[in-house]
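S.K.: Sequence:
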Amino acid sequence: MQSITGTVGTGGANGTSDVALVQAILVKIQRAAATGRAAAPYLPSYDGSAGPATLAAILAFQTDHALVAATGIAANPRVTSGLVAAGDATWAKLLEQVPAEFSDMRVLAGGKTVYVAATAAQLQAKLTAAGALTFTSAFLLRVNATINRMHSEHGIAIGVCPQGDRRTFQAQYDLFTSGRNVTNAGPGESNHNFGMAVDLGFQGLRWLRSNGAVVTNETYWLHQLDGVSAAESQRFWDALRTAGIDIGAFRGPATDRPHLQNWNDAGVSMAVRLGDLLTRSGTMRWEGRGRQPYRSDLGLGGEMIAVGTAAQIWNRQATVSLPDLQRLRTAAAARRPAVPSARNAPPARPGAAAAPAAPPVTQDDIVAMRQALRHQFELADANWRNWTPR
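For what it's worth, numbering that gives the first Met the number 0 labels the leading residue of the sequence shown as 0, then goes sequentially.
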């Protein structure tokens, strides 16, 4: 059991998290029936506030367990009537009487949501699951360190969310076009595409509702707790972020609460870095410029033209036009060195026909170029381990 940091009860410091923990224990300890009183918990609910019902419950518990006489006088020097302090006889008796399944309850500093600590087996299950996912080896060490830190400091076994590890470009495209509004990044534009980012969450966290009922179906994203108190759920996200930062990871946007990554993204343009990876992975030159369309030389070695967004290119809908492709092919043909003439061949006659121009571009050529551009993205996807943030 997490220890309280101050005193709770009559005349106590009554810090919110300390009060919530003592209350939760009293909610879980059953008081025996007596004349005119049915068996029931010492408290029907908890809220982190030491009101009259809480003060009365503490005194009743002390009286029932002979810590305080019926007159309210404490005979034991380690007991203060109506008050609980860490390490005193009342606290020890509370720990003795609480049911075994609730013998390790916790609460975050300043919070009032009590939860049951995860077991070592539950922690190991989260670590094993993370190890089966795709990350760079260096970043996996940080993922595991964050999971371990949350358990050692808070008794919580966090785990990797679905699609929270390395995403292929196709998985990123599917998420981008899903209509769920969970990402603004197209294929190749998310740090998740390169094995150096993770989404971590709280699936399986067992916390107590105000009436003591245990929530057993919490989601990775704390949907259950968030529906009760957004402020309380934010404390858990803050604890997760702090654990990650403490071991050397970096946070993402404030609104992307489960997200941690392996680098500081200040000044990093994902579009610029994707353009760099595309150029190094394939046979075309590329440029990425923020939210502007990507540009490429189409592998023809000359002018760079706009070819669309990452999603358009991946979907084989690059914005290549007939005039653009014709112009680039004509320019490429003009740059080709002339075929050396045979030795002693007579000079070309005045008025002889010039070398044939590039053939006219057809719609089939546009379709083929769109496929070629998509293939460049596929090469970058396969080369994800060589992506760099700068």
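Don't take each hint at face value.
Derived DEER-like restraints, expressed as beta-carbon distance ranges [claimed, not checked]:
| hint | residue 1 | residue 2 | range |
| --- | --- | --- | --- |
| 1 | GLU377 | GLN291 | 14 to 24 Å |
| 2 | ASP237 | ALA120 | 21 to 31 Å |
| 3 | GLU377 | ALA120 | 20 to 30 Å |
Read the hints as simulated data drawn from the structure, not as lab findings. For each residue, glycine too, the CB sits at the ideal point set by N, CA and C.
S.K.: Take the hints in turn and mark each one as holding or not.
M.R.: Evaluation of the provided hints:
Between GLU377 and GLN291 the beta carbon distance is about 23 Å. The supplied range of 14 to 24 Å therefore holds. Between ASP237 and ALA120, the C-beta spacing of about 27 Å keeps the proposed range 21 to 31 Å intact. The given range of 20 to 30 Å is broken by GLU377 and ALA120, whose C-beta atoms sit roughly 41 Å from each other.
Comparing the model with each earlier hint shows a violation of hint 3 alone; every other hint is respected.
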